[in-house]
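Chemist: All chains should be built: construct the whole structure from the sequences, respecting the hints.
Residue numbers (UniProt numbering), protein chains in the order written: chain G, 1 to 288; chain S, 1 to 369.
Quick caveat, the hints were computed from the structure, so don't treat them as lab data. Computed from a predicted structure; not experimentally measured. Glycine included, every Cβ here is placed at the ideal spot set by N, Cα and C. Every clue listed holds true.
Computed spacing ranges between beta-carbons, pair by pair:
hint, chain 1, residue 1, chain 2, residue 2, range
1, G, G142, S, L61, 27 to 37 angstroms
2, G, G12, S, A208, 29 to 39 angstroms
3, S, E361, G, G199, 31 to 41 angstroms
4, S, D127, G, R170, 40 to 50 angstroms
5, S, L197, G, T63, 50 to 60 angstroms
6, S, D127, G, G70, 30 to 40 angstroms
7, S, L61, G, R172, 40 to 50 angstroms
Some chain G residues judged to face chain S by a derived CB distance under 7 angstroms, without partners named:
hint, residue
8, S53
9, H104
10, V193
11, V195
In silico DSS-like cross-links for lysine-lysine, where the CA-CA straight-line distance does not exceed 25 angstroms:
hint, chain 1, residue 1, chain 2, residue 2
12, S, K150, G, K191
13, G, K191, S, K153
14, G, K191, S, K132
15, S, K150, S, K132
16, S, K150, S, K70
17, S, K132, S, K153
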Amino acid sequence: MGWHGYLALWCGVLGAVALVGYGRSLAGVTRAQRAVRVMGRIERVAEPRHGSSGREGIAVVVTFRDPATGQEFTVTNDGERGDRISTAWTGREIGIRYPPGRPHAYRFTTDPDAGRSGLGWPNFAVFLIYVGLVVVASIDWGWPWALIGFGVPWTLLGATYLPGAVRDTRLRIEGLASGGPVPGRVIAVLKDVTVNEDGDTLTSHTPVVAFTTHDGTAVTAYRTEGLRDPVGSRGRDLTIHYRPDDPGVFTTDLAAEHRSRVGEIAFGVVALLVGVAAAVAGGILIAG
Amino acid sequence: MTITPAPVSAPPTRRTPLGLARGILTGAVIGSSLAALVVGTVLEHVPLLVGGLAVPIAYGLLVLAAGAPKRAREAAIVPCTALAMIESLRATGGETSDVPVRFDLTVAPDDGPAYRVESTQSVNLVDLPDYKPGGIVVVQYPPHQPWTVKLVKRPTPEWEDRAAAARLDSAPGPVLAGEPTTGGTVGGYITLLALLLGAAGVVFVFRAELFGPDDPTDRPPSAAGPADPGTSSTTIVSAASGTVALGPGQSLFDEGRLRQAVDSLTKGEGKKRQALTVVVQDRLLTVVFTPAGSQAPGFDLDALPYPRIPALVREARTTLGVRSPRTWQLTAESLSGALTLRVGVTGADGAASLEANGDGETVRRVPAR
Numbered sequence: 001m002g003w004h005g006y007l008a009l010w011c012g013v014l015g016a017v018a019l020v021g022y023g024r025s026l027a028g029v030t031r032a033q034r035a036v037r038v039m040g041r042i043e044r045v046a047e048p049r050h051g052s053s054g055r056e057g058i059a060v061v062v063t064f065r066d067p068a069t070g071q072e073f074t075v076t077n078d079g080e081r082g083d084r085i086s087t088a089w090t091g092r093e094i095g096i097r098y099p100p101g102r103p104h105a106y107r108f109t110t111d112p113d114a115g116r117s118g119l120g121w122p123n124f125a126v127f128l129i130y131v132g133l134v135v136v137a138s139i140d141w142g143w144p145w146a147l148i149g150f151g152v153p154w155t156l157l158g159a160t161y162l163p164g165a166v167r168d169t170r171l172r173i174e175g176l177a178s179g180g181p182v183p184g185r186v187i188a189v190l191k192d193v194t195v196n197e198d199g200d201t202l203t204s205h206t207p208v209v210a211f212t213t214h215d216g217t218a219v220t221a222y223r224t225e226g227l228r229d230p231v232g233s234r235g236r237d238l239t240i241h242y243r244p245d246d247p248g249v250f251t252t253d254l255a256a257e258h259r260s261r262v263g264e265i266a267f268g269v270v271a272l273l274v275g276v277a278a279a280v281a282g283g284i285l286i287a288g
Numbered sequence: 001m002t003i004t005p006a007p008v009s010a011p012p013t014r015r016t017p018l019g020l021a022r023g024i025l026t027g028a029v030i031g032s033s034l035a036a037l038v039v040g041t042v043l044e045h046v047p048l049l050v051g052g053l054a055v056p057i058a059y060g061l062l063v064l065a066a067g068a069p070k071r072a073r074e075a076a077i078v079p080c081t082a083l084a085m086i087e088s089l090r091a092t093g094g095e096t097s098d099v100p101v102r103f104d105l106t107v108a109p110d111d112g113p114a115y116r117v118e119s120t121q122s123v124n125l126v127d128l129p130d131y132k133p134g135g136i137v138v139v140q141y142p143p144h145q146p147w148t149v150k151l152v153k154r155p156t157p158e159w160e161d162r163a164a165a166a167r168l169d170s171a172p173g174p175v176l177a178g179e180p181t182t183g184g185t186v187g188g189y190i191t192l193l194a195l196l197l198g199a200a201g202v203v204f205v206f207r208a209e210l211f212g213p214d215d216p217t218d219r220p221p222s223a224a225g226p227a228d229p230g231t232s233s234t235t236i237v238s239a240a241s242g243t244v245a246l247g248p249g250q251s252l253f254d255e256g257r258l259r260q261a262v263d264s265l266t267k268g269e270g271k272k273r274q275a276l277t278v279v280v281q282d283r284l285l286t287v288v289f290t291p292a293g294s295q296a297p298g299f300d301l302d303a304l305p306y307p308r309i310p311a312l313v314r315e316a317r318t319t320l321g322v323r324s325p326r327t328w329q330l331t332a333e334s335l336s337g338a339l340t341l342r343v344g345v346t347g348a349d350g351a352a353s354l355e356a357n358g359d360g361e362t363v364r365r366v367p368a369r
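Modeler: Given below as structure tokens:
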């Protein structure tokens, strides 16, 4: 069997996987589509203990109601329970999903709509088919086809992503600047020590910030960036700018936030240009 | 949530025959796949490489599919929540902020007799002082596996209040261990043995290609005739070219034979002659030398990647889609500057070729159309 035989096998197997996945999605029977998605309410927030681990998130007590039975459940984020809760306040709504009929297998999710279509695997299979075709085209017709194969979809993705990113950045900065600042404080610094495969010890420190919004909401949140000397930051007073409609979006340095977002957009533009350059270079090499 | 009473029974202590068979199969698949990857790489045998990747993936998917009903059944079971008293605890090591702690617990289910169990849990160093002998904690376990106890570090307010107000008595032994141990070591050895046997099986099947220096099946058909150790050949050398024609039963595909033939054309020369073109067929070598004083781009005959040439010919014969290849020809030249090797193959399906650089690495393929 030659290269083209292997390509046919690759495309055939992955194509079958993709077809089955799309078929299941159309029929509405994927796990993601069958999952029950409800909104829970944070009833209690525990103040993190200084020096403890930040891996499991801020300890919260959450209530939610199973729409099938109407029964109310009170649960906590103990152990493996989905997305880490890194910003919490009493009354905050948080997404919860679980397989139908199994509310005890609940998972927290910060984006309740994420993965709702269940098309992750079929899309990944299509991506692998595309990679296979590009690789074989590059071997058969020359490596400039690899530039085309990479550059064109990369450019399309970048062109789709960039306008949304610019808009989100503008809205975020405007939102942060719209409400007046409030005082905040670093109430604890969490510490996690891990050992990598080379035996090196890695220590991460996560400051925990607490502040109260103008309408009296007491917010507790991890702050992984934007604080100088996080190790010794416990007890430090801060000025917090937050979005009035979502105190989970906040910053301790408005100017740094602005610089950081502008940097992200610049990175997106550079990535887009890289894709365009690859596609153009590939086209020129093939034409030449 | 409904809580099912916990039957207090000892954990399984022996491996079932099915578990043993699965261990053997897993070992054999791992061993044979790894060996197939290594042997396939050494022999440049693409189907073997593909098999070495595909078989473990297929086996993994099969195991995953076979275990799905059991996992679904277990996932549907609501875990039991109960209070437990810490009889003793001992940190068993750890270099991270979470240390493994061995707990000896008395678990007191609401609707069943209390029992003792040992369980190892990770506890953060900062939280360690919260756990003391005699202290009350909240635990969870699957109702069908009461020995698989997990500490609930963040209980709900209801259970927090119950734990704060509770007083428990120690239950008598025996202590249920968290994991079955008997049979595990033997099963591990059997899996390891299957792994080694699987690897050995692949090496045994391909022993001829791996260890045979001159296997007939490794040659092109015309060279795979009756073995003739004879060395008869005809060598014609002129100022412009040189030709070596081997006698019947020999092949330039044989190990070291091509190098020997090239050397026979240049021996006695005061200095190495540059070549314009080298053409190799099964039993025929033709070298066109660069004319003296010419500026034509030649190359040093020593620069040819002799050890890679048999592999390139084999690759061209087996991977370009030419079934039953009849003839092959290798051409080496450096007219474009860099040394380039082309291997052409013809057969019933037409012609195909591949191109390699001076290091013998394939850079282009033109399969049969």
